[in-house]
Amino acid sequence: MSDSKNKTATMKSARLRIWRGTGPENGHYEEFDVEFEDGDSVLDGLVRLRYSVAPDLAFQFSCFNANVCKECAIKIDGTVEYACIAKLKPGLTQLDPVPDQRVLRDLLIDTRERDQKGATLRHQIQSIADGRGP
Amino acid sequence: MEDSLALETDVVVVGGGGAGMFAAIYAARHGAQVILLDKNVVGRGGATIMAQMTCASALAEMEPDSPELHFKDTLEAGRGLCNESLAALLCEGSPQRIRELAGWKVNWARQDNGKINQVIAPGHSRKRCVYVDFLSTGVAICAALRTQTSLNSTIRVLNSVCLTDVVTRDGEVAGAIGFDVATSEPVTIRANAVILCSGGMMKMFRRTTAPNNNSGDGLGIALRAGARVIDIEFLQFYPNGHLAPRMVGLDPTTWEPTRVKLGGRLVNGEGEEFLSKYGDNGGEGYNTTRDLLTHAIYREVAAGRGSPHGGVYLSFQHIPAEALTKALGPVINIFKRNNIDLTKGPVEVFPIAHYQMGGIDVKANMESCVRGLYAAGEIVGGANGANRLSGNALPEAMVFGGRAGEAAGKSAAGKTPPRWDSGTAAPQLDVIRRVKGQAKAKGLAPTHMLGELKELMWTKVGAFRTAEDLAQALDRIRTMRKSELDELSVSPETVHNASLVEWFELRSGLQAAEAVTIAALNRRESRGAHQRLDFPQALDAYQVHQKIAFSNGEIVSSFEGHRL
Chain W
1 MSDSKNKTAT MKSARLRIWR GTGPENGHYE EFDVEFEDGD SVLDGLVRLR
51 YSVAPDLAFQ FSCFNANVCK ECAIKIDGTV EYACIAKLKP GLTQLDPVPD
101 QRVLRDLLID TRERDQKGAT LRHQIQSIAD GRGP
Chain Z
135 MEDSLALETD VVVVGGGGAG MFAAIYAARH GAQVILLDKN VVGRGGATIM
185 AQMTCASALA EMEPDSPELH FKDTLEAGRG LCNESLAALL CEGSPQRIRE
235 LAGWKVNWAR QDNGKINQVI APGHSRKRCV YVDFLSTGVA ICAALRTQTS
285 LNSTIRVLNS VCLTDVVTRD GEVAGAIGFD VATSEPVTIR ANAVILCSGG
335 MMKMFRRTTA PNNNSGDGLG IALRAGARVI DIEFLQFYPN GHLAPRMVGL
385 DPTTWEPTRV KLGGRLVNGE GEEFLSKYGD NGGEGYNTTR DLLTHAIYRE
435 VAAGRGSPHG GVYLSFQHIP AEALTKALGP VINIFKRNNI DLTKGPVEVF
485 PIAHYQMGGI DVKANMESCV RGLYAAGEIV GGANGANRLS GNALPEAMVF
535 GGRAGEAAGK SAAGKTPPRW DSGTAAPQLD VIRRVKGQAK AKGLAPTHML
585 GELKELMWTK VGAFRTAEDL AQALDRIRTM RKSELDELSV SPETVHNASL
635 VEWFELRSGL QAAEAVTIAA LNRRESRGAH QRLDFPQALD AYQVHQKIAF
685 SNGEIVSSFE GHRL
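If you're matching them up, the sequences are chains W and Z in order. With the first letter of the first sequence counted as 1, position 94 gets the number 94 in the working numbering; the numbers rise by one all the way through. With the first letter of the second sequence counted as 1, position 249 gets the number 383 in the working numbering; the numbers rise by one all the way through.
Heads up, some of the hints might be wrong.
As the list claims (entries may be wrong) - Some but not every residue of chain Z turned toward chain W, in silico, with C-beta under 7 Å:
| no. | residue |
| --- | --- |
| 1 | Ser138 |
| 2 | Leu139 |
| 3 | Gly179 |
| 4 | Pro345 |
| 5 | Asn347 |
| 6 | Val382 |
| 7 | Gly383 |
| 8 | Ala579 |
| 9 | Glu589 |
| 10 | Glu627 |
| 11 | His630 |
| 12 | Gly695 |
Said to hold, decoys possible - Some, not all, of what chain W presents toward chain Z, calculated at C-beta under 8 Å:
| no. | residue |
| --- | --- |
| 13 | Asp33 |
| 14 | Gly39 |
| 15 | Arg50 |
| 16 | Ala58 |
| 17 | Phe61 |
| 18 | Ile85 |
| 19 | Thr93 |
| 20 | Asp96 |
| 21 | Asp100 |
| 22 | Gln101 |
| 23 | Leu104 |
| 24 | Thr111 |
Rather than coming from a laboratory, the hints here were simulated on the basis of the structure. Glycine is no exception: its CB is placed at the ideal position from the N, C-alpha and C atoms.
Please work from the sequences and hints to get the whole structure.
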């Protein structure tokens, strides 16, 4: 009844080079090694890091590998993909936030509705109070 | 700048899945100003969007059917513990919601004559389940509801707001407290009604189909506010959960809709079809309820007849490739990307934590025993008794969501929001302020405890339980809840600090986990989804509801009519 039986024999290692910071001018790359088995997704690797050495790593997902919430898009080796369907591979993989979007932190971009983009909740509430609409 | 953000509305809806969006739409329709919030993204987080196929509704588009027959099947599956009035509401209300969604452009699969197509699903006596191809039912429902909520100017949608407590005054709801995940700033909302639609607690199992948000938040919030939880020992383990080979980009529940459409043979590690040994009529037909199927698969594996990864095989090799393509469409390509070819070999499956039958105890208008505190969707207990019929989760979300929205909207609309002074929510706000600064030099991260809790629940509070395992789990959960939670180290980040969210998930999730474990320990029988290896029979004396309350810092349980 275990899905981890014989797992150690088949584990491989990926090195993830991940953008850390709050914007393109304010951050740096950090590298992590993460173990995986064939078929694991990049999202599996990111979650594994959150549960081990990088609990403060910021990225977004909800449905976890089902590819329906569409929240986990990131740039993987230069191409924008969903982290939940891109597979981990041995060796180096570079992860950046989706380009041309406001980066909140690390791999997390601002996914609020277009007219709320860039606004904190405080700004949204103020604009509602001022009659500028939600 | 003030230390907290202050909002005011008639109705707060917590959770942006199917139940929450329906609740918001109906509350607004009945005149209320609504705040619809989600700690993630409204319309994308939650379990509804993950629903692949079956949605039960007695539309009678294929053959004669009625809500009464649907109700009868629901009670049969519930093994004597359904709250009959809630189950009846679910079955009666479902057809109206399906038609309403069709009007909102949900593209239900149709027959050649234009009528909605309906298929039989396990435990149903009629072809009753509607769906959107291909395996896109939940995605289509959520897209339609996102449009409806965003078009409605009386619904204010707030993403990335994590609710932590409901505020009560004199036994009535006075509002809610949480924080803006984007900035970690506390948020206060004065309101006359709160509707909890935040889903179940199934994230707290290692092997789970639940989305990342379903961490038992609403159960903890409701218990702390004085509401009761009913029959929470009944958690559904989805029998055909994907096990191997590794598959991503598709929900692990994929195989049940595939079996509903195509049949499919379950075979043990020795190559035998085994369901007939457990009372199923065997063959390609698929009509075994989820509790019995989970039981059969566990038994085969426990007897040493499992597949290499510790499950059983599910084979579609007898089905022609053209039939597979017709039934599954583009899903075949997702299998291909995962090196799965159903014409060439079987996959391995094993039960996986899926759905919470028990939950908040509500009246027929979805209000708990706390005035102004409502609930809808998976978080509500009772409609599904000890085992949920497949296809009943979506109508539960939609029907209960609408009912809760209507009742809360009518009662709260136009009332002046309660006046708060600075002391009203001070204790709840203090928790947020304290935890934000809880950076301990040698403390562990919340994810560390989450990992331990998920493993503990999976190994000791899973589909097959014993007094020994449950007692060990209870001991550990209590230690985590009462002392170790306050020793965790929360990251000092303020921008989208997941560790702050996870601390609050644990605060409620540990209460939910403790409630499940105590209830499972107390129910010394086996019924539906609650199976005790040390008490293998269903006993008439236990055909009663078990209720949980939170009192003086302790989870306390009682069976109807008896105090334990």
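Hints and how they fare:
no., hint, verdict
1, Ser138, "10 Å, violated"
2, Leu139, "6 Å, holds"
3, Gly179, "4 Å, holds"
4, Pro345, "5 Å, holds"
5, Asn347, "6 Å, holds"
6, Val382, "4 Å, holds"
7, Gly383, "4 Å, holds"
8, Ala579, "3 Å, holds"
9, Glu589, "11 Å, violated"
10, Glu627, "6 Å, holds"
11, His630, "5 Å, holds"
12, Gly695, "37 Å, violated"
13, Asp33, "18 Å, violated"
14, Gly39, "3 Å, holds"
15, Arg50, "5 Å, holds"
16, Ala58, "5 Å, holds"
17, Phe61, "6 Å, holds"
18, Ile85, "4 Å, holds"
19, Thr93, "15 Å, violated"
20, Asp96, "17 Å, violated"
21, Asp100, "19 Å, violated"
22, Gln101, "14 Å, violated"
23, Leu104, "5 Å, holds"
24, Thr111, "6 Å, holds"
Going through the hint list in order, the structure does not satisfy hints 1, 9, 12, 13, 19, 20, 21 and 22.
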